[in-house]
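Taking the hints into account, I'd like the entire structure generated from these sequences.
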Amino acid sequence: MNWEDIYAHAQEWVKEAGNRIRSSFDQTLNIQTKSNPNDLVTNIDKEIEQFFIKKVRGVYPNHKILGEEGFGDDLKSLEGIVWLIDPIDGTMNFIHQQRNFAISLAVYENGIGKIGLIYDVVHDELYHAIRGNGAYLNEKSIPVLKSTTVKESIIALNATWVMENHRIDHNLMIPLVKDARGTRSYGTAALEMVFVATGRVDAYLSMRLSPWDFAAGAVIIEELGGVVTNLRGEKLDFLSQDSLFAANSGLHHSILKEYLKDGKW
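Here the numbering used here is used: the first residue of the sequence shown is 21, the next is one more, and so on.
Because the hints were derived from the structure by calculation, they are not lab data.
As the structure is a computational prediction, the values presented were derived from the model and not from experiment.
No incorrect hints appear here.
Simulated crosslink set (SDA-like; lysine to any residue; CA at most 20 angstroms straight-line): (1) Lys84 - Asp257; (2) Lys35 - Gln70; (3) Lys255 - Glu99; (4) Lys134 - Ala28.
What follows is a list of derived Cβ distance ranges for each label pair: (5) Phe45 - His83: 27 to 35 angstroms; (6) Asp199 - Asn82: 43 to 51 angstroms; (7) Glu36 - Lys171: 42 to 50 angstroms.
Glycine included, each C-beta is placed from N, C-alpha and C at the ideal position.
Encoded structure:
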C-alpha cells in the first residue's frame, strides 16, 4: 500500500472541497435538521461528502467510507482501509458565521490511524499528519506538545457540561473549570482538536462525539505526543459515539487522576 499516494490524494481532495465550500458562501443554503432542532445539515454538507465519496471510489474502489451524512458504507468493523469523513464539522458555525468550521478526513487501516487532515477552510489552514512522520500546519512542522498544569491551562469545554444536563452530573466538571486558567468553546470538535495539537488550548473534553468528529484529530495529536481517549481514559471506539478527552500527556494524566476518576461516563 502506497500511503504517500493516499496522503497526497487526500490533501488534494480536501483543498478542492474547501474551494467548493468557499464558492458556496453567496448561495442560499438548504438547511435541514437531523436529531434535534440544533443538529443542522445543509445541501453543502451533503454535496461535499458525495464529492469525497466519488473521489475515493474512483481511485480506491476497495476502500470503505464512514461519513457523517450517511452516503458511505454501513460498517460493522474497521477491517481494511476506512476513510472517516466529516464534510463540514461545525455546521451551525458555517450557517451562522461562515467561519469556525472545518473539513475533517482520516484514513485508518484495521482500526489504526494512518492519515489525518483537518482543513480550516476560511483561513486556508491545513493541519495534517501521516503516521510516523510528525504533524504539519500547511508546510510548517508543528512542535511536539509540552506538558502543562491545570492552573496554567486553557481547556476547551462546552458550557453545556457545566450546567444541569441529561448526560453527566455537571458538578463533576465545576472543579476543573474553577482550577483552570480559562475555558473556551468553538463549536467544532475538529478545530478544537487541532487547537490542542498547536497548543492554542491545552485540553479538549466532550461528552458525546462521533468517529468522524475525532478520527483525524486523534492522528494529528498522537503524532505530537498527545493523548486521545474517552473520559474514562480508554481507547476510543471508532465505530460508535463516545466521550472525548484530548490533551498533552502530562495534563491528560493529571486531569484523569484528579478530576475524572470518579465520573460515571
